[in-house]
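Colleague: Here's the letter readout for the chains.
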Amino acid sequence: MSAGVSTWDRRPKRKLADRDDLLAKLFMLPTAVYIIGLVALPFFLALLFSFSDVTTGNPSLDFVGLRQWRTILSSSVFWTSFWNTIIFTGISMVLIVVIAHILATVLVKDFKGKWFVRFCVLLPWTTPVSLAAVSWLWLLNSIFSPIDWVLRWFGFIESNMYYLGRPVLAMGSIIAVHVWRIVPLATVIIMAGLMAIPSDIEDAVEVDGAGFWRKLWEIDIPLTLPITAVAVLFGAILTFADMTVVFILTRGGPTQSTQVLSSWAFFKGIEGGDLAQGAAIALFLFPLLLAAAIVILRAVRHREVM
Amino acid sequence: MRAPDTESPPEGGGLSMAHVVEVRGLKKHFEAGDVRAVDGVDVATSPGEYLVLLGPSGCGKTTLLRIIAGLEDPTEGEVLIGGNVVNGLPPRARGIAMVFQSYALYPHKSVLDNIDFPLKAAGLDPQERRKKAEWAAKLLGIDQLLHRKPRNLSGGERQRVALARAIVRDPSVFLLDEPLSNLDAKLRTSARDELKQFQERLGTTTIYVTHDQVEAMGLGDRIAVMFQGKVRQLGPPKEVYSDPADTFVATFIGSPPMNLIDRGDHLLGFRPENFLPVDAINGRGGNVLEVDVQVHRIEYLSGDRHVYATVPSLGRDGAHIIARIPPTVDVPVFDDRDQRFAIHERDLRFFDGNTGERVPPRPVRS
Numbered sequence: 000m001s002a003g004v005s006t007w008d009r010r011p012k013r014k015l016a017d018r019d020d021l022l023a024k025l026f027m028l029p030t031a032v033y034i035i036g037l038v039a040l041p042f043f044l045a046l047l048f049s050f051s052d053v054t055t056g057n058p059s060l061d062f063v064g065l066r067q068w069r070t071i072l073s074s075s076v077f078w079t080s081f082w083n084t085i086i087f088t089g090i091s092m093v094l095i096v097v098i099a100h101i102l103a104t105v106l107v108k109d110f111k112g113k114w115f116v117r118f119c120v121l122l123p124w125t126t127p128v129s130l131a132a133v134s135w136l137w138l139l140n141s142i143f144s145p146i147d148w149v150l151r152w153f154g155f156i157e158s159n160m161y162y163l164g165r166p167v168l169a170m171g172s173i174i175a176v177h178v179w180r181i182v183p184l185a186t187v188i189i190m191a192g193l194m195a196i197p198s199d200i201e202d203a204v205e206v207d208g209a210g211f212w213r214k215l216w217e218i219d220i221p222l223t224l225p226i227t228a229v230a231v232l233f234g235a236i237l238t239f240a241d242m243t244v245v246f247i248l249t250r251g252g253p254t255q256s257t258q259v260l261s262s263w264a265f266f267k268g269i270e271g272g273d274l275a276q277g278a279a280i281a282l283f284l285f286p287l288l289l290a291a292a293i294v295i296l297r298a299v300r301h302r303e304v305m
Numbered sequence: 000m001r002a003p004d005t006e007s008p009p010e011g012g013g014l015s016m017a018h019v020v021e022v023r024g025l026k027k028h029f030e031a032g033d034v035r036a037v038d039g040v041d042v043a044t045s046p047g048e049y050l051v052l053l054g055p056s057g058c059g060k061t062t063l064l065r066i067i068a069g070l071e072d073p074t075e076g077e078v079l080i081g082g083n084v085v086n087g088l089p090p091r092a093r094g095i096a097m098v099f100q101s102y103a104l105y106p107h108k109s110v111l112d113n114i115d116f117p118l119k120a121a122g123l124d125p126q127e128r129r130k131k132a133e134w135a136a137k138l139l140g141i142d143q144l145l146h147r148k149p150r151n152l153s154g155g156e157r158q159r160v161a162l163a164r165a166i167v168r169d170p171s172v173f174l175l176d177e178p179l180s181n182l183d184a185k186l187r188t189s190a191r192d193e194l195k196q197f198q199e200r201l202g203t204t205t206i207y208v209t210h211d212q213v214e215a216m217g218l219g220d221r222i223a224v225m226f227q228g229k230v231r232q233l234g235p236p237k238e239v240y241s242d243p244a245d246t247f248v249a250t251f252i253g254s255p256p257m258n259l260i261d262r263g264d265h266l267l268g269f270r271p272e273n274f275l276p277v278d279a280i281n282g283r284g285g286n287v288l289e290v291d292v293q294v295h296r297i298e299y300l301s302g303d304r305h306v307y308a309t310v311p312s313l314g315r316d317g318a319h320i321i322a323r324i325p326p327t328v329d330v331p332v333f334d335d336r337d338q339r340f341a342i343h344e345r346d347l348r349f350f351d352g353n354t355g356e357r358v359p360p361r362p363v364r365s
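These protein sequence lines are chains A and B, in that order.
Numbered according to numbering that gives the first Met the number 0, the first sequence terminates at residue 305, and the numbering increases by one at each position without gaps.
Numbered according to numbering that gives the first Met the number 0, the second sequence terminates at residue 365, and the numbering increases by one at each position without gaps.
These are computed hints drawn from the structure, not numbers from a lab.
Here a beta-carbon is modelled for each residue, glycine too, at the ideal position from N, C-alpha and C.
Errors might be hidden in some of the hints.
[Stated by the list, open to error] In the EDC-like style, the derived pairs of lysine to aspartate or glutamate whose C-alpha atoms are separated by at most 16 Å in a straight line are:
1. K119(B) with D169(B)
2. K108(A) with E205(A)
3. K195(B) with D220(B)
4. K108(A) with D202(A)
5. K214(A) with E201(A)
6. K229(B) with D245(B)
7. K214(A) with D112(B)
8. K108(B) with E217(A)
9. K108(B) with E201(A)
10. K119(B) with E205(A)
11. K229(B) with D38(B)
12. K119(B) with E217(A)
13. K26(B) with E77(B)
14. K130(B) with D169(B)
15. K26(B) with E71(B)
[Stated by the list, open to error] Covered stretches of chain A, as calculated for chain B (at least 3 residues, CB under 8 Å):
16. 199-206
17. 213-227
[As the list claims (entries may be wrong)] Far from chain A, by Cβ distances over 10 Å, these chain B residues were calculated:
18. Y240
19. D291
20. S301
Assemble the whole structure, with the sequences as input and the hints as a guide.
Modeller: Next up, the structure:
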């Protein structure tokens, strides 16, 4: 090497890529903008609205205290929607977890045509909502329902069922369509949990001589519980805050029997123009969702696995 | 391990001649990649025997064990346990117990529930289950850990739980898949000793898979050395060590491995510890082969001197060899110097130049 000329003699320069502190801020910026602009701002705006009398017709913001809250709490539609939301979420979640677990158990096995079954299971997830809505409206149509046609052909029913026209059947239909929509997501999550069980454990279960049900209850379910809880959390939030199915199929009817809090908030606040009450109804969901999320996340963390 | 007061399972269970594993013409082909994992294996164990399947990774030893366990189906051949063909039978119907490399303890169950699980699956009544589980826990010295979860146990304790879970079912055969490989080196030696004592006490036929020749030599009554899906040699440790059936066994077993010198149509082999300075070997009787060696380097390893040298007179291109001089030999050996070494002719082994298989002795006078 020639004397005195080394690459290290040049003055060291810090490039942008070397400045970790600046990079961290730069990379966080889009997320921060997104969360503040599209989550935090609307949330606090809604909170503000719920204590005012703002409507689409009269956008001036007058503070009215708890009046909007008192109004919705004394409304019978609110309580109908509240219990409907609980029933809708509860029954949906039970069905989703059970069906998703069964599908996941089948799909982690090796069999011929597995890719086709997987494709079919994931199909509802990839179907555009509008297309799914049209199909379901046709399937559940009061006059042209193919389900009714098949049932009539077999002689199970005399006349049409009017799925969306009777309170219990309407709620059943809403739940069925929602379960159909969420099951693929839950299946994929639970499948990941089942595949994460080490193959040595699977072999040990076989050597120890446990049958299908014992393996299911003593090994598979306990070991997939944490990830199932995550699936339940996602599913519950998607169900609790969902209004698409109700909006498309029944618009809350007949006689509010399928009205849920999120759909009622939409009808009141956006279609009815009463932004303040819509905000108050929508905000009522928030503490419930928060509580559910905290309970589930804690359960997952404290669960003694691995 | 503390001495247990009951030496046999509560409900009898001793041994009989029928409790032997035998495989006949066993083959296993995996479609994916067209792998012949097991390529024609015939092995039979005798009652109470400790049989070790030894080989490098990918030699088919674990696949063979899994086929015996019933976790894999063979492509061809038969598996017999206790004299009956068990092909197609599920693992639970074969009277086997298996300890896995990872131990495969159920992470959400306590030690007691882990040990109890196979008994529960077998449908035993709770009283008997408790008796058996406590017997097994006591035998392995883990009776004070019964209510802990696996993640709160050390590696050695986990291994004992896995063993306890294996013995409660009173199996006719233990299948152990590298049960020591997850332990650190220090613990491994004592665990190996415990494992051997434990097996001797129970007297249960054991098939043990390992890639570690030290474990194999130390534990096995017989060793089956496997390579590329075939058993290359089956015999007691001493025989496998000093009379290897081919060059693979010769070089796989022993550390440093057997020296092999290419002599055209055949290979000349000898163990490093048999090749000594001429002064150290005189007076032991028998025909002795004396040669000049050029010493290149000497290593001191746990008291032994490992001498790296060439022996030009024995093979072409200067025949590189390693000699291992035990601490009891104090003849001086120097780097970069020619010296006279010797070996008894009875310690020379000969292998075919093409197939690598053992052949009768040839004249080696240089």
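Colleague: Hints first: check each against the structure and report whether it holds.
Modeller: So, going through the hints one by one against the coordinates:
{"no.": "1", "hint": "K119(B) with D169(B)", "verdict": "14 Å, holds"}
{"no.": "2", "hint": "K108(A) with E205(A)", "verdict": "15 Å, holds"}
{"no.": "3", "hint": "K195(B) with D220(B)", "verdict": "10 Å, holds"}
{"no.": "4", "hint": "K108(A) with D202(A)", "verdict": "14 Å, holds"}
{"no.": "5", "hint": "K214(A) with E201(A)", "verdict": "9 Å, holds"}
{"no.": "6", "hint": "K229(B) with D245(B)", "verdict": "13 Å, holds"}
{"no.": "7", "hint": "K214(A) with D112(B)", "verdict": "14 Å, holds"}
{"no.": "8", "hint": "K108(B) with E217(A)", "verdict": "9 Å, holds"}
{"no.": "9", "hint": "K108(B) with E201(A)", "verdict": "15 Å, holds"}
{"no.": "10", "hint": "K119(B) with E205(A)", "verdict": "13 Å, holds"}
{"no.": "11", "hint": "K229(B) with D38(B)", "verdict": "6 Å, holds"}
{"no.": "12", "hint": "K119(B) with E217(A)", "verdict": "11 Å, holds"}
{"no.": "13", "hint": "K26(B) with E77(B)", "verdict": "9 Å, holds"}
{"no.": "14", "hint": "K130(B) with D169(B)", "verdict": "13 Å, holds"}
{"no.": "15", "hint": "K26(B) with E71(B)", "verdict": "11 Å, holds"}
{"no.": "16", "hint": "199-206", "verdict": "holds (count 6)"}
{"no.": "17", "hint": "213-227", "verdict": "holds (count 5)"}
{"no.": "18", "hint": "Y240", "verdict": "32 Å, holds"}
{"no.": "19", "hint": "D291", "verdict": "47 Å, holds"}
{"no.": "20", "hint": "S301", "verdict": "35 Å, holds"}
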